[in-house]
Amino acid sequence: MDARITLHVDGVARSLTVDTRTSLLDALRDHLGAMSPKKGCDHGQCGACTVLLDGRRATTCLAFAVAHDGATIITAQGLANGDGLHEMQRAFLDHDGFQCGYCTPGQICSAVGMLEEAEAGHPSHVTQDLTGPVVLTDDEIRERMSGNLCRCGAYVNIVAAIREVARKEGSA
Amino acid sequence: MSTSLANAPLEIRAIGLPLERIEGRAKVTGTAPYAYEQTVADPLYLHPVQATIARGKIASIDSAAAKALPGVVAIITHENAPRLASDKDKELWVLQSDAVGFRGQFIGAVIAQTPEVARQAASLVRVTYAEQPHEAELRADRSDLYAPKQVNPDYPTDTDEGDVEAALKAAAVTIDQTYSTPWENNNPMEPHTTVATWGDGKLTLYDSTQGAHSVRTMLAPLFGLKPEQMRVIAPHVGGGFGSKGTPHAHDVLAGLAAQAVPGRPVKLALTRQQMFSLAGYRTPTIQHFRLGADREGRLTAIVHEVIEQTSRIKEFAEQTAVPTRLLYASPNRRTSHRLAALDVPVPSWMRAPGETPGVCGNEMAMDELAVACGLDPIELRIRNDPPVDPESGKPWSGRNLVGCLREGARRFGWDQRDPAPRSRERDGWLVGLGVASSTYPRYAMPGSVASIRYGADRRYAVRIGAADIGTGTWTALTQIAADALGCPVEAIRMEIGDTDQPNATVEGGSSGITSWGTTIVAAARAFRAEHGDAPREGAEASAGMPENPDEKRFAMHSFGAQFAEVRVNVDTGEIRVPRMLGVFSVGRIINPRTARSQFIGGMTMGLSMALHEESVMDPRFGHVVTQDRRAPADARRAGPALEPDGFARDRRDRHCRRGGGDRQRRLARHRNPRAPPADHAGQGPVLSANTATRSSVIGRLRAARPASDNS
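The listed protein sequences correspond, in order, to chains S and E. Our numbering applies: residue 1 is where the first sequence begins, and numbers increase by one. Our numbering applies: residue 1001 is where the second sequence begins, and numbers increase by one.
Calculated directly from the structure, the hints in this document are not laboratory data. Do not rely on the hints blindly, as some may be mistaken.
[Stated by the list, open to error] If you anchor each label on the Cβ, the simulated ranges turn out as follows:
{"hint": "1", "chain 1": "S", "residue 1": "D54", "chain 2": "E", "residue 2": "Q1113", "range": "29 to 39 Å"}
{"hint": "2", "chain 1": "E", "residue 1": "E1315", "chain 2": "S", "residue 2": "G44", "range": "45 to 55 Å"}
{"hint": "3", "chain 1": "S", "residue 1": "G132", "chain 2": "E", "residue 2": "P1578", "range": "23 to 33 Å"}
{"hint": "4", "chain 1": "E", "residue 1": "T1039", "chain 2": "S", "residue 2": "R4", "range": "34 to 44 Å"}
For glycine and all other residues, C-beta sits at the position ideal for the given N, C-alpha and C.
Let the hints inform the model, and build the full structure from the sequences given.
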């Protein structure tokens, strides 16, 4: 069964017809050619397909496209503003927070979404004080980024990149 | 241009600088095209049909229901698939017979207009089998273990020097231990992917591979094609760890499917689950160690006997005992490899095959010996450091393992370690420090060619079909080319990852930068000799990789020392690793930034292997039942305080590098400024599970040895 939907991807409204079984990730990649989100596991374990979906980070391989008609999606490509990179992207470059680069767009979208969650006071599994503002210690960053895997093992540099952006924003 | 200029040493300017990755911007925005993401017109999608038995024959295949599904374009099985030219490699002999050699093997493929339809149709293909009994369990007591002719890639299967039995009998101290390592899967983040188009007698693959030319060399004859009739393109590769070092069955399946629908690109990306059967893996190993030593801890006998598996349809013999032949000195030494041929997926290269499991066993045995001798583990290793290669008798081109151990001990605070087990507890955690040696051979593979052309844009196009699997090839080769041509890095336009470029050897065995970098230097010399440093537009030259006469005179290997602080919860047994340090002796660093990433990446994978990774085989069915990415996920979680640090020592290896040593060291320190705090007096259980250094690192670090550098 097919369905006609519209997705707002990186600021552009795109209408497409999808099989109702089509994941949001496949809709982006196969239908719209938006290849920035990656398919690493296709079952929600690796985080490579993470985008900002209506403002929150989401694994698009676990979402049906048809369930998100009208959604606003920002990919890592859309985080960059023309020639200018998002500060998180800049930090990943500065700290060499990647090697093969395949998990990287998902890591970056996840990190951007994570900082907003922390800013909004969302606690995590390792948050000690549930009443005050969230302080993004390295433990907090690791826990909150634990849904994004990197097989090259760039974690140390990824944490350093996120820590730097968090500090600039005053949340670490 | 004079010959003297052409042979002059490189003026080191770009080499050694921590340049940002030149493809970095494309990667952080997600716009670097991996295989699946290349633009093709009007593609079809392939979903494989896989065997559900471990051994036997296909009795019947009923594709009627699948064929009837709207959107299905073609279904291929062994009954109708195009014929391949050679059955020499049974892993690549895809859909050519009714035989099933392992569970998960390809037995068919559905090609459809959409991935959803292809997947549904594949589930509708009905297969019956004549099943045969299978064996999928590796055990040391099997009666059918055999000695392969050689072990990967071409080492002797067995070695035996002196009289180990007599030496063990006479030894003051002996160790007799058996260690096992589990089945491990490479699991690069990017699944193995091939986009194949067959048209006008030509096959084009966008492939996720560590060697575009290797894929063509192996597959073109299989498809009955001349090399010029096949093109393989792979500018960006989402990790490989050896599993993309050689083409696997999916490359062939995509090619066959493309042949069935000529003119239409066919896209195949393995699912994560399929990768456990079809993309290679590291064999489980059973390692029997016997060590003999005198009271001062000097080894008198080393015996390392390895049992591991291969598949019945194709042999791969992991060289697990090979590093034991050179790590430590002893007059009496024996190593052996025995294989069980099982009805299992085909094992292959996985990150430092041989060294990873073998050094792991070796270092555990050495720690046992240190305890038995009452010696500090570092002191034991220093006392047994061989002055020359024990195997060949050749001098080391550079070793400096002792220097790595000493420098690491100093930086890590080893002097505060208490060797008595369970002697230090902090807040409910037992705290211990451990050490292990690392080693990896220096490989250079002959056969690469590089071309250089000066363009209208006043830049040098440097072309070689090399691969970047995250190792930093794009950047490191640009740096080498810039210095070789005596120009700024901005004047280099690097072109890699395409068989339309000159031949490049595979990104494997840590040989990439060594082989390609040397080749580029040779091509630059040829270019400057012919065209000078103010070339006309269109000036061009090329050269192949020159021979290195030092290879015959010296034993060339990299070494390193790994340190870990390990905490074990006294109540739960939970393990945490708050701190690691690696110190490496690897020759010249081309790019400290990407080199450090390689080191900490290798250390992180070593940590994950030590604590978490095990692909669990169910021998009743003959396949891995843990078909997901939990292991790496757990690695992240188990090490919430993981902080490996890498520090590269430049060892002034005259035979692998030239010049620039002081600067290299300075830069390496600059990138690794943190000396670990010295407030951790550790002791207790020794973790010695970190293993060989990452292959590609060494390749890069060894690179750019000028062709004439024999001094």
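Each hint, compared with the structure:
no.	hint	verdict
1	S:D54 to E:Q1113: 29 to 39 Å	30 Å, holds
2	E:E1315 to S:G44: 45 to 55 Å	37 Å, violated
3	S:G132 to E:P1578: 23 to 33 Å	26 Å, holds
4	E:T1039 to S:R4: 34 to 44 Å	25 Å, violated
Consistency with the previously given hints fails for numbers 2 and 4, ordered from lowest to highest.
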